[in-house]
Amino acid sequence: MNQPASAYFLEDRHDPNETHTLSVLVANEPGVLARVIGLFSGRGYNIDSLTVSETEHQKHVSRITIVTTGTPMVIEQIKHQLDRMIPVYRVVDMTTAGRSLERELAMVKVKGTGDPRVEALRLAEAFRARVIDATTESFVFEITGNTGKIDQFIELMKPLGLVEVSRTGVAAISRGPEGM
Amino acid sequence: MSDKKANETEMTGAAMVVRALKDHGIKHIFGYPGGAVLPIYDEIFQQSDVEHILVRHEQGAGHAAEGYARSTGLPGVVLVTSGPGATNMVTPLTDALMDSIPLVCITGQVPTHLIGNDAFQECDTVGITRPCTKHNWLVRNVNDLPRVLHEAFYVATTGRPGPVVVDIPKDVQFALGMYHPPRKSDVHVSYAPRVKGDALQIRKAVSLLAHAKKPVIYSGGGVINSGREGAKLLRELVQTTGFPITSTLMGLGAYPASGPNWLGMLGMHGTYEANMAMHDCDVMLCIGARFDDRITGRTDAFSPGSKKIHVDIDPSSINKNIRVDIPIIGDAANVMSDLLQVFKAEAKKPDIKAWWNQIAQWKARNSLAYKQSNDVILPQYAIQKLFELTRGKDTYITTEVGQHQMWAAQFYGFEEPHRWMTSGGLGTMGYGLPAALGVQVAHPDSLVIDIAGDASVQMTMQEMSTAVQYELPIKIFILNNQYMGMVRQWQQLLHGNRLSHSYSEALPDFVKLADAYGCVGIQATKPGDLEGAIKEMIKVKKPVLFDCRVAALENCFPMIPSGKAHNEMLLPAEANDEATAKAFAGGKALV
Numbered sequence: 005m006n007q008p009a010s011a012y013f014l015e016d017r018h019d020p021n022e023t024h025t026l027s028v029l030v031a032n033e034p035g036v037l038a039r040v041i042g043l044f045s046g047r048g049y050n051i052d053s054l055t056v057s058e059t060e061h062q063k064h065v066s067r068i069t070i071v072t073t074g075t076p077m078v079i080e081q082i083k084h085q086l087d088r089m090i091p092v093y094r095v096v097d098m099t100t101a102g103r104s105l106e107r108e109l110a111m112v113k114v115k116g117t118g119d120p121r122v123e124a125l126r127l128a129e130a131f132r133a134r135v136i137d138a139t140t141e142s143f144v145f146e147i148t149g150n151t152g153k154i155d156q157f158i159e160l161m162k163p164l165g166l167v168e169v170s171r172t173g174v175a176a177i178s179r180g181p182e183g184m
Numbered sequence: 002m003s004d005k006k007a008n009e010t011e012m013t014g015a016a017m018v019v020r021a022l023k024d025h026g027i028k029h030i031f032g033y034p035g036g037a038v039l040p041i042y043d044e045i046f047q048q049s050d051v052e053h054i055l056v057r058h059e060q061g062a063g064h065a066a067e068g069y070a071r072s073t074g075l076p077g078v079v080l081v082t083s084g085p086g087a088t089n090m091v092t093p094l095t096d097a098l099m100d101s102i103p104l105v106c107i108t109g110q111v112p113t114h115l116i117g118n119d120a121f122q123e124c125d126t127v128g129i130t131r132p133c134t135k136h137n138w139l140v141r142n143v144n145d146l147p148r149v150l151h152e153a154f155y156v157a158t159t160g161r162p163g164p165v166v167v168d169i170p171k172d173v174q175f176a177l178g179m180y181h182p183p184r185k186s187d188v189h190v191s192y193a194p195r196v197k198g199d200a201l202q203i204r205k206a207v208s209l210l211a212h213a214k215k216p217v218i219y220s221g222g223g224v225i226n227s228g229r230e231g232a233k234l235l236r237e238l239v240q241t242t243g244f245p246i247t248s249t250l251m252g253l254g255a256y257p258a259s260g261p262n263w264l265g266m267l268g269m270h271g272t273y274e275a276n277m278a279m280h281d282c283d284v285m286l287c288i289g290a291r292f293d294d295r296i297t298g299r300t301d302a303f304s305p306g307s308k309k310i311h312v313d314i315d316p317s318s319i320n321k322n323i324r325v326d327i328p329i330i331g332d333a334a335n336v337m338s339d340l341l342q343v344f345k346a347e348a349k350k351p352d353i354k355a356w357w358n359q360i361a362q363w364k365a366r367n368s369l370a371y372k373q374s375n376d377v378i379l380p381q382y383a384i385q386k387l388f389e390l391t392r393g394k395d396t397y398i399t400t401e402v403g404q405h406q407m408w409a410a411q412f413y414g415f416e417e418p419h420r421w422m423t424s425g426g427l428g429t430m431g432y433g434l435p436a437a438l439g440v441q442v443a444h445p446d447s448l449v450i451d452i453a454g455d456a457s458v459q460m461t462m463q464e465m466s467t468a469v470q471y472e473l474p475i476k477i478f479i480l481n482n483q484y485m486g487m488v489r490q491w492q493q494l495l496h497g498n499r500l501s502h503s504y505s506e507a508l509p510d511f512v513k514l515a516d517a518y519g520c521v522g523i524q525a526t527k528p529g530d531l532e533g534a535i536k537e538m539i540k541v542k543k544p545v546l547f548d549c550r551v552a553a554l555e556n557c558f559p560m561i562p563s564g565k566a567h568n569e570m571l572l573p574a575e576a577n578d579e580a581t582a583k584a585f586a587g588g589k590a591l592v
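These protein sequence lines are chains A and B, in that order.
Using our numbering, you'd call the opening residue of the first sequence number 5 and step up by one each time.
Using our numbering, you'd call the opening residue of the second sequence number 2 and step up by one each time.
For the record, the hints were derived by calculation from the structure and aren't laboratory data.
Just so you know, even glycine gets a beta-carbon here, dropped at the ideal spot from N, CA and C.
Just to be clear, a hint being listed does not mean it is correct.
[What the hints assert, rightly or not] Facing chain A, a subset of chain B residues (Cβ under 10 Å, in silico):
id	residue
1	PHE121
2	GLU123
3	HIS136
4	TRP138
5	VAL156
6	ARG161
7	SER186
8	VAL196
9	ALA200
10	LEU201
11	ASP294
12	ASP315
13	ASN320
[Said to hold, decoys possible] Computed cross-link-like contacts, BS3-like style, restricted to lysine-lysine with a CA-CA straight-line distance of at most 27 Å:
id	chain 1	residue 1	chain 2	residue 2
14	B	LYS350	B	LYS214
15	A	LYS83	B	LYS513
16	B	LYS185	B	LYS308
17	B	LYS364	A	LYS83
18	B	LYS513	B	LYS542
19	A	LYS115	A	LYS83
20	B	LYS364	B	LYS350
21	A	LYS83	B	LYS345
22	A	LYS63	B	LYS185
23	B	LYS233	B	LYS372
24	B	LYS354	B	LYS364
25	B	LYS309	B	LYS565
26	B	LYS197	B	LYS345
27	B	LYS205	B	LYS349
28	A	LYS83	B	LYS308
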């Protein structure tokens with residue numbers, strides 16, 4: 005294969021990409037999120053979704069859930085690169101570690117009157133979305149579920165007067181009695 | 002608890018810094034004062050256990066600390082001010098991160114209440130240095146300072162070593178707090194590098210080694226970093242197995258260049274026999290190296306027929322560039338010790354005579370050959386001569402980056418670890434001169450030589466003034482070809498010989514420059530003068546700038562052209578215009 009004048013070997017790899025959900029337990033200290041995000045941007049990894057919150061206040065432990073896409077070799081690198089950071093306690097690949105639960109919460113604002121408004125409310129019931137704000141010409145729905153369900157709900161709301169969406173990103177936890 | 006309290010002493014943050022340096026056995030630090038570190042400088046003034054070396058530019062302090070660290074195995078310590086002091090440290094920090102050098106850099110910061118206000122000489126030091134350190138800390142409370150300082154030393158020197166930054170605002174330096182000596186609880190519980198290799202993996206590795214027909218050992222800087230024991234065990238491993246060994250640029254000296262199993266350095270400018278052995282081997286034992294792109298060449302054609310064992314202390318080095326069969330996470334010395342024990346108990350030296358015969362044939366190609374001249378000094382000859390005349394002496398070599406660096410690696414024979422200081426991963430021009438300073442501070446009676454290029458050396462030339470101030474008799478051996486030789490080589494090979502900005506039209510007169518600095522200038526222009534001039538350089542007990550005028554257009558071979566595999570090396574004897582053009586075919590500039 006011809007390669008242009010370069011001091012580097014320019015390889016084009018065609019390994020298929022995979023999407024993985026990683027749970028990362030970190031010490032909750034200043035800059036820890038910047039370290040994690042900086043790692044992803046600095047090394048050219050993807051972040052599809054990112055969720056962070058303190059989960060054990062007493063121990064100053066936060067849990068970061070990252071959904072990322074890459075070749076198997078890149079996913080393996082991401083896990084090792086995260087794991088070697090000083091404030092990182094553990095990295096678990098929820099996608100390969102066994103069955104896990106993934107949920108997202110979204111708030112969806114829909115504006116409209118007449119038939120579309122009725123239709124939006126009917127679909128919301130079917131998706132078990134709750135109405136958390138209403139005016140005579142709008143609703144705000146709260147919906148939880150996996151990413152696919154929320155994507156689908158938003159898709160259905162588009163023709164019915166979708167105004168805006170706010171999503172939390174994915175939170176994940178394993179099934180069964182064991183913790184990470 | 003009472004025990005803990007008993008050890009605590011009240012003092013200022015600035016005093017804690019100096020006290021922590023003493024508690025960690027630090028004898029020398031490199032730095033440059035400024036507004037935000039004045040309280041610490043005031044403490045340094047009032048004691049004599051820690052000697053401070055004043056550089057001329059913070060980058061010089063960083064590289065000097067790197068040289069100090071690499072030649073001793075101890076952490077190098079740097080003290081600089083906020084803002085520009087910190088940003089000038091970015092290059093040496095990145096350099097130390099790439100080459101796994103333990104550095105502790107203490108930076109001053111504007112007072113906490115001014116942080117974020119764009120105060121005078123303020124910058125986001127932890128933000129800027131986050132990607133170029135192993136870890137960094139901004140200390141907002143003086144009572145956190147002792148813990149952070151102790152953790153900083155621990156993190157820098159354990160696991161895969163690397164640089165750390167502790168950023169201390171000026172008000173924290175003034176504040177009073179309780180100091181305690183280092184204790185276990187200072188370190189994050191989440192930081193626990195793995196030292197011992199997995200026993201099962203080691204067993205698997207031994208069985209692979211014992212049945213190898215065409216084995217090769219490929220060692221790197223990790224062996225040097227695992228301490229004196231590392232090099233000793235590597236030599237024992239080579240002797241016990243009888244395997245051929247090659248090393249990366251960073252790994253030179255771990256196995257002696259005069260040793261019977263030595264193949265020379267591998268990689269882009271490595272020897273033909275080393276690269277061919279890598280390509281054709283059936284079992285590769287990689288210890289403390291990371292399959293860097295200068296080593297592998299084309300990754301999809303890298304050593305296609307071999308089973309690969311990879312020993313590394315950093316799990317993220319495994320399967321990063323090259324997929325390996327048996328990864329072993331652990332410290333190089335520790336794993337080699339276990340490997341040897343199992344090998345001796347369960348295996349015998351395999352018969353690899355045929356493989357050695359094959360290697361002898363490759364060696365016979367004499368890939369480091371060059372055309373000697375009576376009129377001009379060939380750079381290769383200059384280094385051979387330098388090696389000859391310093392052999393057996395207590396010598397340390399540093400380099401800058403470029404052709405001279407590769408020739409130094411090819412032609413200077415390193416017999417011991419910690420004797421060779423070069424910027425491998427980052428390729429920092431200007432590294433060698435300040436690094437030599439640091440080496441000389443650590444080894445005041447040794448012969449310390451920076452093999453330099455005329456372009457690189459000008460990047461940190463101001464540190465000659467430091468050498469004169471502290472009477473550090475470093476020898477700067479400049480291979481002066483008036484070009485940025487490696488840049489020019491690439492332009493010749495890949496960019497149609499259009500030498501864009503790679504010629505230095507206004508070089509200083511290095512002999513006069515030496516005079517201006519108050520050191521000694523020596524020049525050699527003819528091959529016949531070289532020996533006498535080098536002897537004079539060695540004899541002088543002052544810093545020396547040696548202007549060695551060499552053949553201007555000599556290029557560095559052998560070479561793996563970009564996008565090619567190990568078995569497609571371009572040898573010097575074959576590097577005529579036509580062969581070169583063919584080897585680089587596909588390079589659009591040559592069409």
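_For a C-alpha distance cap of 27 Å, please report whether LYS233 (chain B) and LYS372 (chain B) respect it._
Distance ~37 Å between LYS233 (chain B) and LYS372 (chain B) Cα, so the pair is violated.
*With a cut-off of 27 Å on the C-alpha distance, tell me whether LYS83 (chain A) and LYS513 (chain B) pass.*
55 Å, violated
*asked:* Does LYS364 (chain B) sit within 27 Å of LYS354 (chain B), going by the straight-line distance between their CA atoms?
replied: 15 Å, holds
*Would the hint on PHE121 (chain B) stand, with a C-beta cut-off of 10 Å toward chain A?*
23 Å, violated
_GLU123 (chain B) as chain A interface residue, shortest Cβ-Cβ below 10 Å_ = Where the cut-off is 10 Å and the nearest Cβ of chain A is about 17 Å from GLU123 (chain B), the hint is violated.
*When you check the alpha-carbon spacing of LYS364 (chain B) and LYS350 (chain B), does it fall within 27 Å?*
23 Å, holds
*Would you mind confirming whether the straight-line C-alpha gap from LYS513 (chain B) to LYS542 (chain B) stays at or under 27 Å?*
Given pair LYS513 (chain B), LYS542 (chain B) holds - Cα atoms ~18 Å apart, limit 27 Å.
*asked:* Hint check: LYS197 (chain B) vs LYS345 (chain B), CA-CA at most 27 Å. Holds or violated?
replied: Holds, at roughly 19 Å.
*Interface restraint verdict for ASN320 (chain B) against chain A (beta-carbon cut-off 10 Å)*: It holds, given that the least Cβ distance between ASN320 (chain B) and chain A is near 6 Å, below 10 Å.
*asked:* Would the hint on VAL156 (chain B) be counted as holding, given a Cβ-Cβ threshold of 10 Å to chain A?
replied: This interface hint holds because 6 Å falls under the 10 Å limit.
*asked:* Check whether the Cα positions of LYS309 (chain B) and LYS565 (chain B) lie no farther apart than 27 Å.
replied: 20 Å, holds
*If you draw a straight line from the CA of LYS185 (chain B) to the CA of LYS308 (chain B), is it 27 Å or shorter?*
Violated, at about 41 Å.
In summary, the structure is inconsistent with hints 1, 2, 7, 8, 9, 10, 15, 16, 17, 19, 21, 23 from the numbered list given earlier, while agreeing with the others.
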